[in-house]
Amino acid sequence: NAGVTQTPKFQVLKTGQSMTLQCAQDMNHNSMYWYRQDPGMGLRLIYYSASEGTTDKGEVPNGYNVSRLNKREFSLRLESAAPSQTSVYFCASRPAGGRPDTQYFGPGTRLTVL
Amino acid sequence: QQQVKQSPQSLIVQKGGISIINCAYENTAFDYFPWYQQFPGKGPALLIAIRPDVSEKKEGRFTISFNKSAKQFSLHIMDSQPGDSATYFCAANQVRNYQLIWGAGTKLIIKP
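These protein sequence lines are chains A and B, in that order.
Under the numbering used here, think of the first position of the first sequence as 1, with each following residue one higher.
Under the numbering used here, think of the first position of the second sequence as 115, with each following residue one higher.
Take these hints with a grain of salt, some might be off.
Said to hold, decoys possible - Listed next, with one range per pair, are the computed distances between beta-carbon atoms:
(1) B:Ser-179 with A:Met-19: 19 to 29 Å
(2) B:Gly-131 with A:Glu-52: 16 to 26 Å
(3) B:Glu-173 with A:Gly-3: 16 to 26 Å
(4) A:Ser-75 with B:Glu-140: 28 to 38 Å
(5) A:Gly-97 with B:Gly-130: 23 to 33 Å
(6) B:Gln-123 with A:Asn-65: 24 to 34 Å
(7) A:Gly-3 with B:Pro-154: 30 to 40 Å
(8) B:Asp-167 with A:Leu-114: 16 to 26 Å
(9) A:Met-19 with B:Asn-181: 37 to 47 Å
(10) B:Gln-195 with A:Val-12: 14 to 24 Å
Said to hold, decoys possible - In silico DSSO-like links for lysine-lysine, alpha-carbon gap of 27 Å or less:
(11) B:Lys-221 with A:Lys-9
(12) A:Lys-57 with B:Lys-156
(13) B:Lys-225 with B:Lys-156
(14) B:Lys-185 with B:Lys-172
(15) A:Lys-71 with B:Lys-156
(16) A:Lys-14 with B:Lys-172
(17) A:Lys-9 with B:Lys-129
(18) B:Lys-171 with B:Lys-182
(19) B:Lys-119 with A:Lys-57
(20) B:Lys-129 with B:Lys-221
Keep in mind that the hints were calculated from the coordinates and are not lab data.
Just so you know, even glycine gets a beta-carbon here, dropped at the ideal spot from N, CA and C.
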C-alpha cells in the first residue's frame, strides 16, 4: 500500500495563476482532509470530506475549492493564487469507524506563489 | 482563536535527557488528545494519544500526562535520542465534528 500520495511535491506559481493539488489514498478511508502548514501556526484545516460526495469548509477555506472525485481522490484547487497561499499543503485521510483522532498524512506539497 | 496552545516553540535537549512539551486547551468538548511527530520533508504521523478520563499513558519512552482540571496535557520523552529530533504537534479532537484542532508545534533537537 502506498498510503496517501500527493502530487506535485513542489510547485512555484505566479500571482493569479491556477493549479490543482492532487491527493489519493489506497486505504479505503472514508474521510479526507486538506491542511496548510505555516511556521508557528500548526496545521489549519482548509476543507474536508466526510465521505464520497460530500465536502465541507474548514477553518481557512477562502481562495480554495475542492473536489472529492471518488472515494480514493480528493483534489484542492487554487483558482487565482496569491502570495498568502505560499505554504506546505498536506492531505490526510481517516478510516470510518476508527479512532477519530487518527489521521494518515501524505508527504506534502510545497507551494510558493511569487 | 487557537484553542490549543503549545509550548515551547523550540527545545534543545542533550542525548539521554528528558524532553517535555506542554499544551493547554480552552474548550471542554474534546474526546481525544493526540500527539503527532513530523520529520523534515514528511507528513505528521500519530505518535501517542490519550483520552480525558485517563491521567497518564505510556508507550515505550513516550508518556502523555493529562490534567483535566487544569486543561493541560504534556508529552514527556525519556532518554531522548538524536532520532527523536523532529517537530511535535499536540492536538485535540472535537466531539461535534471529529476535526482536530492543532497546537503550533515544537521543534525538538536532541544534541548527541
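Comparing the hints with the structure gives:
no. : hint                                 : in the structure
1   : B:Ser-179 with A:Met-19: 19 to 29 Å  : violated (43 Å)
2   : B:Gly-131 with A:Glu-52: 16 to 26 Å  : violated (47 Å)
3   : B:Glu-173 with A:Gly-3: 16 to 26 Å   : holds (22 Å)
4   : A:Ser-75 with B:Glu-140: 28 to 38 Å  : holds (33 Å)
5   : A:Gly-97 with B:Gly-130: 23 to 33 Å  : violated (41 Å)
6   : B:Gln-123 with A:Asn-65: 24 to 34 Å  : holds (33 Å)
7   : A:Gly-3 with B:Pro-154: 30 to 40 Å   : violated (18 Å)
8   : B:Asp-167 with A:Leu-114: 16 to 26 Å : violated (50 Å)
9   : A:Met-19 with B:Asn-181: 37 to 47 Å  : holds (45 Å)
10  : B:Gln-195 with A:Val-12: 14 to 24 Å  : violated (36 Å)
11  : B:Lys-221 with A:Lys-9               : holds (22 Å)
12  : A:Lys-57 with B:Lys-156              : holds (25 Å)
13  : B:Lys-225 with B:Lys-156             : holds (21 Å)
14  : B:Lys-185 with B:Lys-172             : holds (19 Å)
15  : A:Lys-71 with B:Lys-156              : holds (24 Å)
16  : A:Lys-14 with B:Lys-172              : violated (48 Å)
17  : A:Lys-9 with B:Lys-129               : violated (33 Å)
18  : B:Lys-171 with B:Lys-182             : holds (14 Å)
19  : B:Lys-119 with A:Lys-57              : holds (23 Å)
20  : B:Lys-129 with B:Lys-221             : holds (15 Å)
In summary, the structure is inconsistent with hints 1, 2, 5, 7, 8, 10, 16, 17 from the numbered list given earlier, while agreeing with the others.
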